[in-house]
Amino acid sequence: MPVDLTAKVRFDLPRGAVLAAEGERALLVSPDALAHLIAAAGEEIGAIVATQVGASMGKRAIERLGGPFALHHASVEDVVTALAVEVAVAGFGALALERWGRAMVLTVDHAPIEGFVAPMLQGAIEAATGKTVRAVVIATDRPMRVLVTNAKAVERVRAWLADGITWGEALVRLQPSEPRGGA
Amino acid sequence: MTQSGRIAHLEALLDRIRARAAAPRELHVNGRAGGAAAEPAAGPPQASHAEPTEPRDLAAIQAAATGAPVHAPSSHEDASMSIQAAATGAPVHAPSSHEGAPPTPSATRSQEPSRDEFAFDSAPPPAEGDAAAAAADDGEPRLAPSAPASAPVLIHGAHDAGEADAVYDVRESRARLVPSSRADAFFEHEDEADELEPADLDGADLEAAIPQRHDTLPPDADADASVEPRSSPAPTSSRRPIAIEQQMSALSSGGAPIPPPPESGRQVAGDDPGDFDGESTGVRHASSFTRAADPLEASLPSSTLPGALADRADFEQTAGVPPAAGGRAADVVHPRLPANADVTGLSAAPRFAPATFSELLDASLSL
Numbered sequence: 001m002p003v004d005l006t007a008k009v010r011f012d013l014p015r016g017a018v019l020a021a022e023g024e025r026a027l028l029v030s031p032d033a034l035a036h037l038i039a040a041a042g043e044e045i046g047a048i049v050a051t052q053v054g055a056s057m058g059k060r061a062i063e064r065l066g067g068p069f070a071l072h073h074a075s076v077e078d079v080v081t082a083l084a085v086e087v088a089v090a091g092f093g094a095l096a097l098e099r100w101g102r103a104m105v106l107t108v109d110h111a112p113i114e115g116f117v118a119p120m121l122q123g124a125i126e127a128a129t130g131k132t133v134r135a136v137v138i139a140t141d142r143p144m145r146v147l148v149t150n151a152k153a154v155e156r157v158r159a160w161l162a163d164g165i166t167w168g169e170a171l172v173r174l175q176p177s178e179p180r181g182g183a
Numbered sequence: 001m002t003q004s005g006r007i008a009h010l011e012a013l014l015d016r017i018r019a020r021a022a023a024p025r026e027l028h029v030n031g032r033a034g035g036a037a038a039e040p041a042a043g044p045p046q047a048s049h050a051e052p053t054e055p056r057d058l059a060a061i062q063a064a065a066t067g068a069p070v071h072a073p074s075s076h077e078d079a080s081m082s083i084q085a086a087a088t089g090a091p092v093h094a095p096s097s098h099e100g101a102p103p104t105p106s107a108t109r110s111q112e113p114s115r116d117e118f119a120f121d122s123a124p125p126p127a128e129g130d131a132a133a134a135a136a137d138d139g140e141p142r143l144a145p146s147a148p149a150s151a152p153v154l155i156h157g158a159h160d161a162g163e164a165d166a167v168y169d170v171r172e173s174r175a176r177l178v179p180s181s182r183a184d185a186f187f188e189h190e191d192e193a194d195e196l197e198p199a200d201l202d203g204a205d206l207e208a209a210i211p212q213r214h215d216t217l218p219p220d221a222d223a224d225a226s227v228e229p230r231s232s233p234a235p236t237s238s239r240r241p242i243a244i245e246q247q248m249s250a251l252s253s254g255g256a257p258i259p260p261p262p263e264s265g266r267q268v269a270g271d272d273p274g275d276f277d278g279e280s281t282g283v284r285h286a287s288s289f290t291r292a293a294d295p296l297e298a299s300l301p302s303s304t305l306p307g308a309l310a311d312r313a314d315f316e317q318t319a320g321v322p323p324a325a326g327g328r329a330a331d332v333v334h335p336r337l338p339a340n341a342d343v344t345g346l347s348a349a350p351r352f353a354p355a356t357f358s359e360l361l362d363a364s365l366s367l
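As you go down the protein sequences, you meet chains A and B in turn. Under my numbering, think of the first position of the first sequence as 1, with each following residue one higher. Under my numbering, think of the first position of the second sequence as 1, with each following residue one higher.
Bear in mind the hints are in silico, worked out from the structure with no lab data behind them. Hints are not guaranteed to be accurate.
A short list of chain A residues far from chain B (calculated; beta carbon distances all over 12 Å) [stated by the list, open to error]:
#, residue
1, D12
2, A20
3, A26
4, A35
5, V85
6, A94
7, A159
To spell it out: a stretch of chain A is covered by chain B in this simulated footprint if at least three of its residues, at any positions, have a beta carbon under 8 Å from a beta carbon of chain B; those stretches are [as the list claims (entries may be wrong)]:
#, segment
8, 125-131
9, 144-155
A virtual CB, placed ideally from N, CA and C, is assigned to each residue, including glycine.
Let the sequences and hints guide you as you build the complete structure.
The following block contains the structure:
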């Protein structure tokens, strides 16, 4: 899918505004200031803010792909590309996708605020697909790895990671015991 | 000289040659290892022989040049001149019992004792029964070998030169190394041979009875019975005498030299396949060994086993195994196994390959 960034971000200097796509206003905020704000507001508030930021990204991605129906039949590469463009334009890092067996793992490199990544991606995917998902950070080294799965699986993975199990082993344990047929 | 006189002279010459050939000779074949092989002559030759054996000398030169086993006559000075003592480095000009024998045009080539053909007379001792030859050689200076008889000898040949050059070297060496008195004796025999030219002979029978000097054919059975060599039976061995003219013409025309005659007693396959005895030849046995080895080599090519192991590793990696701990994604190599693969113990590995993002998301949500 070609990526067209024409007029993706416009700087309206007479009005003193930064306009995202569809005329949506955006702010150029220092990451450190945003991090302090999220830290002060608490993890739950920070997750809500990040989810809202991600949701706007998801909406713009689905518009880029041509709507919800197109996104449902879009390939993995096209959806990831659309999401990566939105994340990169917003300045939250470089997005990619890894598939470990049946698990979807999104990676974000150069993320300015680590605690902002997982809820942001969760909001973006939910907004783009309309499905309820949960995202959990399983690796904080570069790139950050975020597992996108259901709430129950997220709890299991968190428990394994708390027990000292590596994220790779956690993904192995997360796989179904018996091979299933092709999806 | 009358015809009867010439015949008597020829017979006398033949007697000398027989006596010389029948004399036991101590043969020394010394290789680089210093080994010596002293073999007496097996017996008198089957036919008279007096003419210098240039073909065999040439074979010796060629064999020395190519490093092949020595197949050289022992009874000729040309071959002796090509021998050099390795210990001293000095040339060994060993005369032989046949040295100085007059080249008789009427003599015919025939079967030679095989032992003599592989030997060099580096130190010919006085042998019994060689009285005639000794009488013929009396007064002739000999070139004594500069190395002991047991010393290893080195066969020199035209290593770098062409075959034709080797032939010319032989000629030049003969002219250079033969002592003057001996050369005189040689040329006296040459003159004597010239006297035997059938110019003054009357009758075509006698002219035909005396073969030419370099005649390579055995005497015909219907030739003149008065000439003893022609009455000799044809050689029974498969040895092929080769004339020097053939060698010279082959070398001068740039063609391959005529190979030296084979050893006595060796079976030579004939042109007719029906005459070929495949049961008793080494060549046939060698080919049978080759046939036995071919199926083994063809059944197990060298790359069969590693390739099979590599395929097995691919199966193990992709048979629905979850990603390894700490590694990268496991979808690196995926063999596309058919769903109805009828392989014992190996079922079709379920392969998860989502075509859309929604499929992958659903799979991840179902964990």
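Tested hints:
With a closest Cβ-Cβ approach of about 34 Å to chain B, D12/A is found to remain outside the 12 Å limit, as its non-interface label requires. Remark: the non-interface label on A20/A is consistent with the geometry, its nearest Cβ contact in chain B lying 23 Å away (cut-off 12 Å). With a least beta-carbon separation of about 26 Å from chain B, A26/A lies farther than 12 Å from that chain, consistent with its non-interface assignment. No beta-carbon of chain B comes within 12 Å of the beta-carbon of A35/A; the shortest separation is about 29 Å.
Distance check on V85/A: its Cβ is at least 15 Å (rounded) from any Cβ of chain B, clearing the 12 Å threshold; non-interface status holds. Non-interface status of A94/A relative to chain B is upheld: no Cβ of that chain comes within 12 Å, the nearest being about 18 Å off. Against the 12 Å criterion, A159/A stays outside the reach of chain B, whose nearest CB is about 14 Å from its own CB. Check on the segment 125-131 of chain A: 3 of its residues sit with their Cβ under 8 Å from a Cβ of chain B, so the three-residue criterion for coverage holds.
Coverage of a stretch by a chain is defined here by at least three residues with a beta carbon nearer than 8 Å to that chain's beta carbons; for the segment 144-155 of chain A and chain B the count is 5, and the condition holds.
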